[in-house]
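Keeping their order, the protein sequence lines are chains F and U. The numbering of the first sequence is my numbering, which starts it at 48 and goes up by one. The numbering of the second sequence is my numbering, which starts it at 48 and goes up by one.
What the hints contain is simulated information worked out from the structure, not anything from laboratory work. From a predicted model like this one, the values you see are computed outputs, not experimental measurements. One thing to keep in mind: the hints can contain errors.
When chains are identical, the list treats them as one kind, so a pair holds in a single copy or across two.
[Said to hold, decoys possible] Using 20 Å as the maximum straight-line C-alpha spacing, the simulated EDC-like pairs for lysine to aspartate or glutamate come out as follows:
#1 K433 - D416
#2 K422 - D204
#3 K433 - E406
#4 K433 - E423
#5 K433 - E417
#6 K429 - E406
#7 K422 - E201
#8 K276 - E264
#9 K463 - E257
The primary structure of each chain is shown beneath.
Protein chains: 2
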Amino acid sequence: MNTKRQQHTPAAPTAADYLIASRQCELMNLQYFLQMGKVVQSISNLVHGLQRERGASNLYLGSGGQKYADERGAMVGESDRLVSEFEQALAEVHEALTAHPVSSHLLNHIASALHGLEQLPALRARVDAQALSVAEATEAYSSLIHAFITVVFEAADTAVDPSIAGLLVAMVHLMNGKEFCGQERAVGSAGFSSGAFDSALSKRMMHLVEAQERCFEVFVSFADEDSRKLWHSLRAHDREAEIERLRQHGCSVGRYKTLDPELADRWFALMSERMDELKKVEDAVEGSFHTRCVERFAEARNSLAHQETLIATLDRQEPPAQPMLVLCDSGEDARAGESWDSAGVGQQFGRSIFDLVQEQTRRLQQMTDELQSAKEALEDRKTQEKAVLLLMDHRKISNDEAHRVLRKLAMDQGKKLTEVARALVSMADVLK
Amino acid sequence: MNTKRQQHTPAAPTAADYLIASRQCELMNLQYFLQMGKVVQSISNLVHGLQRERGASNLYLGSGGQKYADERGAMVGESDRLVSEFEQALAEVHEALTAHPVSSHLLNHIASALHGLEQLPALRARVDAQALSVAEATEAYSSLIHAFITVVFEAADTAVDPSIAGLLVAMVHLMNGKEFCGQERAVGSAGFSSGAFDSALSKRMMHLVEAQERCFEVFVSFADEDSRKLWHSLRAHDREAEIERLRQHGCSVGRYKTLDPELADRWFALMSERMDELKKVEDAVEGSFHTRCVERFAEARNSLAHQETLIATLDRQEPPAQPMLVLCDSGEDARAGESWDSAGVGQQFGRSIFDLVQEQTRRLQQMTDELQSAKEALEDRKTQEKAVLLLMDHRKISNDEAHRVLRKLAMDQGKKLTEVARALVSMADVLK
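Construct the entire structure; sequences and hints are all you get.
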């Protein structure tokens, strides 16, 4: 038996023990993602609720408290329900998150989101009292929403299974795109209701449109087939063309002539519809994500059980004269081990455990390779945010202006935005 | 009090809870590294013991079993002692490694190393019986040693603290360099004792010399001051010059004239001395690594205690009229929170927790940034190994030949080896 060795205590863990531990680690990671999936879904719903609350609050404030009080009240009530669901989902995973902590970054971002949530009653009170402007209210809600989306980005970064990571990357970029859409809705509302789009407002709108497109590009490249189809039918809808016409109208005509204030209502309705449709695509991705988690978890659990049985069988057998056939998981080939002379007790067993270890090495390596593109997508976003912060700091410009500078750099140099951002960040270290 | 919110169960985790959980996650990670440090040290010692055993076994085999039997026996006994120490260290960390698994890759590589260890008695029996060649014995020992060094590489990849990661990267590259040195010792012995260095042997030696230098370069760039000094005095020693003279002599003269067989003994003695001196530098790095782990752990534990006290104090106080001064860890500034109106209950508390969360975000971001270079060094090695495997597979050439092709590519294109390797790997995906 290959678990006994002379001169060593029998309690020493064996290769087989660690092989199983490696598989168990994968299983535990998948279980963690099944649970995190509920938190992510609750965040998706809560973000949508807060976006609706933001919109209604802005209309309420914009009308000087004269209109939309009931609608706003309904949104606030709905958001509270969604906050409870989020807190419930978080409480269920709290033990797993903190006892076997995966990422201090993730925990800190959750702290950040919870802190924002703790400020929500005070924010609502200020809206009630009309004690802040539409811009200030938008900023406060956007900040809270951003904190929640950041939690999902961080969760995506902790994924080790490539298919799961990919779907999370798709979903969070869609969420982020929808948020930029919500901010665009607010900017458009401000422009149309005031009757004019000044230079700053136009630039902001342009930035938000471009930011959405970049998010949606990443979504498309990582999404599953069904969600992509849903997305394409959204894009093919007449609504998109009408929104584009309104954008053009606002930014071009809106500089010279006072705009028809009724366009404000039309704009708000269209953009709200768009966001609701985007939410449906988000739900589709979340559904695929959940299905994939369940599939992978079942696969991993079966693999583990199969391996444990196989290893137990190996332990019980007498050393055979011939090398044994190793029956592995269907689809996973047992590769031939190193070639040893056929003499030597324990070498056939050695080859079998060896094959299993080699197979695991190959599997994990392949998974890591496949994970690369998802990791890069997340890294690109972080690099871009860093580059933007550098530009803001260095040139004392706004977030939108910094994004514009970055985009221009990319266009002028004929390079991709992420390349330019990466170069900027690395140059900053050198020029510090 | 900011932990109470209307309509929500008081049991819901708060921002403060997650802030503390984030710090606890850091602490648990550092504790895990303190324990892993013992495993890493035992691996360092075991690898050195196996290298000595390999050397003695080769001399024994090379002399047809006529000489070095006693020396080999002593090495085998010493290695067994070191195996016990390794198993002991591993048993102590087994619980932590498997209950809160950090990396399925790491666990699988440990399985691989343990499997190799289980084959060691059989290998020794074959050496006893002189049932394998010097080359075969070298290959078998090298394979086992490689498995252990891979465990340390994988452990380095799980580090999140940049200073700890850096020292682990330094140490494992030194270990790897010492292993290439051991393989060079074997190649040189073969050449000098046979009296000639044919083309294949010369190429192999050249490859091993170059591979060592690359490892030592990375070591130097990540090592601490004291270890670097020790390293420089090793390089300044006369031994280095004599080894270089022997290399030149063997590879040039050794093609045309039969070499003096006594050079074989001189070569072996010099290279063994060199490896012992390298081990001392390795021990110095390990010492610095341990010291750093202890320091960071103490820092993190104090930070956590401080934060818990601070947060408890915040919870107990009445809302003050003025914003509170936040006393944070010395050296970590509390940054001003977003600007809110001074009206609004709970906002001052909000700002304090907000400050702590912001500070943690900044700290973690900075740590991740500083971690980049260590991560890149580990990634570079993996990319190079991938590129080598690709070339071996594509052109049906040996490991050494593939390395040579890669080096030539780098020279011809005037680029760094890692750049060329990265380009090759990405092209392979495209051309598949």
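Here is how each hint holds up against the structure:
no., hint, result
1, K433 - D416, "between (26 Å within a copy, 11 Å between copies)"
2, K422 - D204, "both (7 Å within a copy, 15 Å between copies)"
3, K433 - E406, "between (39 Å within a copy, 17 Å between copies)"
4, K433 - E423, "both (15 Å within a copy, 18 Å between copies)"
5, K433 - E417, "between (26 Å within a copy, 14 Å between copies)"
6, K429 - E406, "between (34 Å within a copy, 18 Å between copies)"
7, K422 - E201, "both (11 Å within a copy, 18 Å between copies)"
8, K276 - E264, "within (14 Å within a copy, 51 Å between copies)"
9, K463 - E257, "within (14 Å within a copy, 36 Å between copies)"
Of the numbered hints listed earlier, not one is contradicted by the structure.
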